[in-house]
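There are 2 protein chains.
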Amino acid sequence: MTGRNTNPSGEDSLIARYFKSLATDPGAFGLTDDAALLKAHEQDLVVTTDAIVEGVHFLCDDPPDTIARKALRVNLSDLASKGATPAGFVLTLALRTVEDSWLAPFARGLGEDAVRFDCPLLGGDTVSTPGPVMISVTAFGRVPGGKMIHRHGAGPGDRLVVTGTIGDATLGLDILKGRAAGAALGGDTAAMDSLVERYRVPQPRTALSQAVRDYASAAMDVSDGLAGDLAKLCTASGVTAVVDVPSIPLSRPVASLLASGAVGIDALVSGGDDYEILCAIPENQFDAFIDAASVAGVGVSQIGTIVAGTSAPKFLDAQGRDIPLQRLSHSHF
Amino acid sequence: MTGRNTNPSGEDSLIARYFKSLATDPGAFGLTDDAALLKAHEQDLVVTTDAIVEGVHFLCDDPPDTIARKALRVNLSDLASKGATPAGFVLTLALRTVEDSWLAPFARGLGEDAVRFDCPLLGGDTVSTPGPVMISVTAFGRVPGGKMIHRHGAGPGDRLVVTGTIGDATLGLDILKGRAAGAALGGDTAAMDSLVERYRVPQPRTALSQAVRDYASAAMDVSDGLAGDLAKLCTASGVTAVVDVPSIPLSRPVASLLASGAVGIDALVSGGDDYEILCAIPENQFDAFIDAASVAGVGVSQIGTIVAGTSAPKFLDAQGRDIPLQRLSHSHF
Chain W
1 MTGRNTNPSG EDSLIARYFK SLATDPGAFG LTDDAALLKA HEQDLVVTTD AIVEGVHFLC
61 DDPPDTIARK ALRVNLSDLA SKGATPAGFV LTLALRTVED SWLAPFARGL GEDAVRFDCP
121 LLGGDTVSTP GPVMISVTAF GRVPGGKMIH RHGAGPGDRL VVTGTIGDAT LGLDILKGRA
181 AGAALGGDTA AMDSLVERYR VPQPRTALSQ AVRDYASAAM DVSDGLAGDL AKLCTASGVT
241 AVVDVPSIPL SRPVASLLAS GAVGIDALVS GGDDYEILCA IPENQFDAFI DAASVAGVGV
301 SQIGTIVAGT SAPKFLDAQG RDIPLQRLSH SHF
Chain P
1 MTGRNTNPSG EDSLIARYFK SLATDPGAFG LTDDAALLKA HEQDLVVTTD AIVEGVHFLC
61 DDPPDTIARK ALRVNLSDLA SKGATPAGFV LTLALRTVED SWLAPFARGL GEDAVRFDCP
121 LLGGDTVSTP GPVMISVTAF GRVPGGKMIH RHGAGPGDRL VVTGTIGDAT LGLDILKGRA
181 AGAALGGDTA AMDSLVERYR VPQPRTALSQ AVRDYASAAM DVSDGLAGDL AKLCTASGVT
241 AVVDVPSIPL SRPVASLLAS GAVGIDALVS GGDDYEILCA IPENQFDAFI DAASVAGVGV
301 SQIGTIVAGT SAPKFLDAQG RDIPLQRLSH SHF
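These protein sequences, in sequence, are chains W and P. Just so we're aligned, residue 1 is where the first sequence starts under this note's numbering, counting upward by one. Just so we're aligned, residue 1 is where the second sequence starts under this note's numbering, counting upward by one.
No lab work stands behind these hints: they were computed from the structure. Check before you lean on any hint, since a few could be wrong.
Derived lysine to aspartate or glutamate pairs resembling DMTMM-like cross-links, with alpha carbons at most 20 Å apart [what the hints assert, rightly or not]: (1) W/Lys147 <-> P/Asp25; (2) P/Lys177 <-> P/Asp44; (3) P/Lys39 <-> P/Asp25; (4) P/Lys20 <-> P/Asp118; (5) W/Lys39 <-> P/Glu42; (6) W/Lys39 <-> P/Asp44; (7) W/Lys147 <-> P/Asp118; (8) P/Lys39 <-> P/Asp118; (9) P/Lys39 <-> W/Asp44; (10) P/Lys147 <-> W/Glu42; (11) P/Lys39 <-> W/Asp65; (12) P/Lys147 <-> W/Asp25; (13) W/Lys20 <-> W/Asp65.
Since the model is a prediction, treat every value here as computed from it, not as a measurement.
Chain W on its own, in the form it takes in the complex:
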């Protein structure tokens, strides 16, 4: 290339420099075209879109590679909860400035996760903004025709299951913001680091997607708080649920903070950013689901049961007493 062609626009050179190596799918055309090609391979395509904003979903001094990972992973979490296998994603990046010290680790983290979750970059747009950094991802997954799992479909008697542990991320955010819950951990920096890591880098349960597809009657990911998200699943399914609160899986530091009274169960079940899968498993599928989860290496816990009715889900303590919750969800508005 000679002459004026050697002076591409800032956006073109930014994409080529940082993101071209992530575009491993032939349908991405090396990010040199105006659009990408997505082949369905005779399957249904599941589409999800989630954005994260500086100061709202991540903090301005979070490491750039963790910001990139979170932007992709919150979408991978949605795909997994729908039973879908990742197929690729497109990225919109709104930046104030183009700084190598931020973009290089951002692109590296994104690229590592694209490989780890077999979800290549298909295309994107970079725009200039005078405001906070924002990363919007639209991710695609594939399911065999008609096999996407919905919020609706849960029936009375189904067992209510959640992956991983609940409440870590919201306490991780508390620690980053210097709130009391963090101080209660005293000098246990390993515990504090593990909670902060859960806030910054969600663990999408992609490995469980096939088990969800094969066995769940309904599923969604827990992103705005277990209580509120359960209420949504129940509403969509026309049922309600009874949750045995002592069965809610907690990590060691979260369990100790709860035991000491430094945090209440309310905060844990209404806090955001868990990115675990909540699903209903019919009784006669439960053993097979547990076996599949074990093979997938994803921890799952039964936390209650789906029951008939349209009232709000009940949260019961060890003595079977109703625990009133002050709030159900985290909301940005």
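Go by the hints and put chain P onto chain W.
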């Protein structure tokens, strides 16, 4: 619904209130699930994503319905240039506040365009931001297998064609910003309004998508300036081009501003926001393409010829003299 279920999160109620009526495709599930379903119908899916930011791509006092239309239409323009028929879109909306006076006309404009271009809302995300409003759209189109049109593929001898008129939008922005070019139109408010409208509400050439698919060897949409975008198409195709500048289609007000010297040709061919289609048509397909464009009701103009070589495209005046261009593109970085 009773009890706690009647208190959905702010985001859920915002989506239900403003956007549910736009989600007419069965794969959108009425915006009540975590993801949408996109069926390929044995075709290839074309994916494009473009975002617009307040103060960068639109002005904060632009009417909300025009902002919505622009956000969708810049993506529809990409799809049309790839020969794709619209299939749907997902929306990410970053807002400072939830105000009915802004959201109601925004949703109305978006809904009208979704119907007009047969491109239903499939899903979305609304996030809170302390910064400028940003709208990110990922749009999907369908093409028969292997029929997507690329930037590459243009060959020597192909005729270079552009739709509509060039330069209106960049002068519309000048007018909104109170720059000299606007003043030169004097009291011709109809002309000024037409240019402002072209800036605010692009006219995606969706009607031409099939003709592009059937006849173009290469195509892209002109969004960052005709000169720069032509250079990109030529680079991707391994060719160059000769443009006959007097053949570049201009609207009446733009032609009069150029004739009076109030604007230079540089500004017109390097200004952004045209959202016209630039394509190369093989000589033996040209008549059929012109006929198809006529049937589609989209004005098209031959502005030059693709030629062998790798130097920058030449822009020639009426006497065949090279017009040196100071810049080729509009860039936000």
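Hints and how they fare:
no.: 1; hint: W/Lys147 <-> P/Asp25; result: holds, 18 Å
no.: 2; hint: P/Lys177 <-> P/Asp44; result: violated, 42 Å
no.: 3; hint: P/Lys39 <-> P/Asp25; result: holds, 11 Å
no.: 4; hint: P/Lys20 <-> P/Asp118; result: holds, 16 Å
no.: 5; hint: W/Lys39 <-> P/Glu42; result: holds, 9 Å
no.: 6; hint: W/Lys39 <-> P/Asp44; result: holds, 5 Å
no.: 7; hint: W/Lys147 <-> P/Asp118; result: violated, 26 Å
no.: 8; hint: P/Lys39 <-> P/Asp118; result: holds, 15 Å
no.: 9; hint: P/Lys39 <-> W/Asp44; result: holds, 5 Å
no.: 10; hint: P/Lys147 <-> W/Glu42; result: holds, 17 Å
no.: 11; hint: P/Lys39 <-> W/Asp65; result: violated, 33 Å
no.: 12; hint: P/Lys147 <-> W/Asp25; result: holds, 18 Å
no.: 13; hint: W/Lys20 <-> W/Asp65; result: holds, 17 Å
The structure is inconsistent with the numbered hints 2, 7 and 11, although it conforms to all the rest.
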